[in-house]
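**Student:** For reference, the chains in residue letters:
Protein chains: 2
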Amino acid sequence: MHNSLFELMNKQELILQIQQKKSFLCIGLDVDLTKIPKHLLTCEDPIFEFNKQIIDATHQLAVAYKPNTAFYEAYGIKGWQALGKTIDYINKNYPELFTIADAKRGDIGNTSAMYAKAFFEDLNFDAVTVAPYMGSDSVEPFLAFKNKTTILLALTSNKGGLDFQGLKTDNQELYKEVLKTALTWQNPKNLMFVVGATKADYFAEIRKIVPNHFLLVPGVGAQGGNLQDVCKFGLTKDCGLLINSSRGIIYAGNDENFAKAAKNEAFKLQQEMEQILNENN
Amino acid sequence: MHNSLFELMNKQELILQIQQKKSFLCIGLDVDLTKIPKHLLTCEDPIFEFNKQIIDATHQLAVAYKPNTAFYEAYGIKGWQALGKTIDYINKNYPELFTIADAKRGDIGNTSAMYAKAFFEDLNFDAVTVAPYMGSDSVEPFLAFKNKTTILLALTSNKGGLDFQGLKTDNQELYKEVLKTALTWQNPKNLMFVVGATKADYFAEIRKIVPNHFLLVPGVGAQGGNLQDVCKFGLTKDCGLLINSSRGIIYAGNDENFAKAAKNEAFKLQQEMEQILNENN
Numbered sequence: 001m002h003n004s005l006f007e008l009m010n011k012q013e014l015i016l017q018i019q020q021k022k023s024f025l026c027i028g029l030d031v032d033l034t035k036i037p038k039h040l041l042t043c044e045d046p047i048f049e050f051n052k053q054i055i056d057a058t059h060q061l062a063v064a065y066k067p068n069t070a071f072y073e074a075y076g077i078k079g080w081q082a083l084g085k086t087i088d089y090i091n092k093n094y095p096e097l098f099t100i101a102d103a104k105r106g107d108i109g110n111t112s113a114m115y116a117k118a119f120f121e122d123l124n125f126d127a128v129t130v131a132p133y134m135g136s137d138s139v140e141p142f143l144a145f146k147n148k149t150t151i152l153l154a155l156t157s158n159k160g161g162l163d164f165q166g167l168k169t170d171n172q173e174l175y176k177e178v179l180k181t182a183l184t185w186q187n188p189k190n191l192m193f194v195v196g197a198t199k200a201d202y203f204a205e206i207r208k209i210v211p212n213h214f215l216l217v218p219g220v221g222a223q224g225g226n227l228q229d230v231c232k233f234g235l236t237k238d239c240g241l242l243i244n245s246s247r248g249i250i251y252a253g254n255d256e257n258f259a260k261a262a263k264n265e266a267f268k269l270q271q272e273m274e275q276i277l278n279e280n281n
Numbered sequence: 001m002h003n004s005l006f007e008l009m010n011k012q013e014l015i016l017q018i019q020q021k022k023s024f025l026c027i028g029l030d031v032d033l034t035k036i037p038k039h040l041l042t043c044e045d046p047i048f049e050f051n052k053q054i055i056d057a058t059h060q061l062a063v064a065y066k067p068n069t070a071f072y073e074a075y076g077i078k079g080w081q082a083l084g085k086t087i088d089y090i091n092k093n094y095p096e097l098f099t100i101a102d103a104k105r106g107d108i109g110n111t112s113a114m115y116a117k118a119f120f121e122d123l124n125f126d127a128v129t130v131a132p133y134m135g136s137d138s139v140e141p142f143l144a145f146k147n148k149t150t151i152l153l154a155l156t157s158n159k160g161g162l163d164f165q166g167l168k169t170d171n172q173e174l175y176k177e178v179l180k181t182a183l184t185w186q187n188p189k190n191l192m193f194v195v196g197a198t199k200a201d202y203f204a205e206i207r208k209i210v211p212n213h214f215l216l217v218p219g220v221g222a223q224g225g226n227l228q229d230v231c232k233f234g235l236t237k238d239c240g241l242l243i244n245s246s247r248g249i250i251y252a253g254n255d256e257n258f259a260k261a262a263k264n265e266a267f268k269l270q271q272e273m274e275q276i277l278n279e280n281n
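From first to last, the protein sequence lines are chains U and Y. Counting along the first sequence from 1, when you hit position 74 you're at 74 in UniProt numbering, and nothing is skipped either side. Counting along the second sequence from 1, when you hit position 175 you're at 175 in UniProt numbering, and nothing is skipped either side.
Looking at chain U on its own, in the form it has when it is part of the complex (with noise of 0.2 Å):
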């Protein structure tokens, strides 16, 4: 989805795709070269080839594709390369595709700025996660790109998720300071939020406070999250959910056939977002 024209237009051409293809699915492409097929480690960029025999067969049932970037940066030049023509690859090939760089990235100002430019316009993805903790002025310079998204973590997946972020402040749980004051910073419409599957309890408040933006869900599949859970709160009239799943896709198979495995799982999980985009529309 490169060359948005318009401010926003990275929205309205991802919800166009949820109603097309009946999905709102991200594939994390989190390539760990002690997981992918062996046959490939003798390709000259054995992650690039994985990725573009993944995206190859699943993009018409996924609308989004997420590279976590400690996943290329572990293996140096080479995963940056590899990074590089995965998104050059998209770009090219499936332009409608929503491209999201996982780096939870997040410094002061000027710092944030050049994270911006890394993200934005050298490797031109449409969207970054960033972490909240350095406050306003560390997430505004990506929020400053009026065409691109910025997804702020909010209240992760993960086992630590509630050791900062449950906390409570002053008035409220910590994660929910970070959506109310977030919504404070420029161009807020801007904004999606990580908010993890495993946490399904909490989508209902969080719907309070943040009714109609986008959330990144990860969670679901390896680490137990489940889809109805957090469709039955987080579903808005535009879909309103990017559910991410990554080695549940990816390493469905570890041999030739890797990829048609990744496909029929990620056809599984289509079929159940189909039904509940039924259900709900």
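These are calculated hints, taken from the structure and not from any lab test.
The list treats identical chains as interchangeable, and a pair is accepted whether it falls inside one copy or across any two copies.
In silico lysine-lysine, DSS-like type, Cα no more than 25 Å apart, as pairs:
id: 1; residue 1: Lys-159; residue 2: Lys-146
id: 2; residue 1: Lys-52; residue 2: Lys-21
id: 3; residue 1: Lys-117; residue 2: Lys-78
id: 4; residue 1: Lys-159; residue 2: Lys-117
id: 5; residue 1: Lys-189; residue 2: Lys-159
id: 6; residue 1: Lys-35; residue 2: Lys-85
id: 7; residue 1: Lys-117; residue 2: Lys-35
id: 8; residue 1: Lys-38; residue 2: Lys-117
id: 9; residue 1: Lys-260; residue 2: Lys-22
id: 10; residue 1: Lys-180; residue 2: Lys-168
id: 11; residue 1: Lys-52; residue 2: Lys-78
id: 12; residue 1: Lys-176; residue 2: Lys-159
id: 13; residue 1: Lys-180; residue 2: Lys-159
id: 14; residue 1: Lys-35; residue 2: Lys-52
id: 15; residue 1: Lys-168; residue 2: Lys-208
id: 16; residue 1: Lys-21; residue 2: Lys-237
id: 17; residue 1: Lys-237; residue 2: Lys-176
id: 18; residue 1: Lys-78; residue 2: Lys-92
id: 19; residue 1: Lys-117; residue 2: Lys-85
Here the structure of chain U is known, so what remains is to put chain Y in place on it, guided by the hints.
**Tutor:** The following block gives chain Y in isolation, referenced to the frame of chain U:
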């Protein structure tokens, strides 16, 4: 400081350097191609050439170097190559120096493990900065590296720093909860904490919670923090402080004598530090 053979060797080596150099200066290598001397832009790798000359000119006055990854990622593959060459250059030529990847990473457990691999194994830094928002399992994969240091954001120097860090939780401000909780995680002696120099008033309170841990202190210089104020409550018997200066040193000059100008600025800070150490020891 690569090839550390023993747990915490790097902390002992750091303290030895502070004693020998009478300095606790960390130099931030935040290289912006629009700010470096023009004559370097014709080099094959301007970023690395700039870093090399800064390091060669200042290594006797500083104990640590801290490239912020944002400035390298903004230049894509070339940026990552320059980052790799910079850390390799330090580890080969000045192995006594303490090296910090200012990356502010943090993700779910298996993903944080990949970041730890990237910075501790692939790039071979001594330390990495980590954001606390995602809690225990987002930080512990870094702490699992026993001969490496994990520098957790506590109270940052930027304008938005108190947006969330200053929120009162049930018991106390969030940054204090972060400090206290982190001490309960594995290998807490491998921790340092980021505390901004612009928040000098908070150092007495912070020292009640972490009396002996090293603090990495950005915000002296361009951001307005004051060295004397920080030292008043921040110093410990082992010094316990790393004062970072980035722009104030590396952009002191912008012609062919830029490295000498950087050395002069580093020397001024080192002299001030020597006086403080002599007065307090």
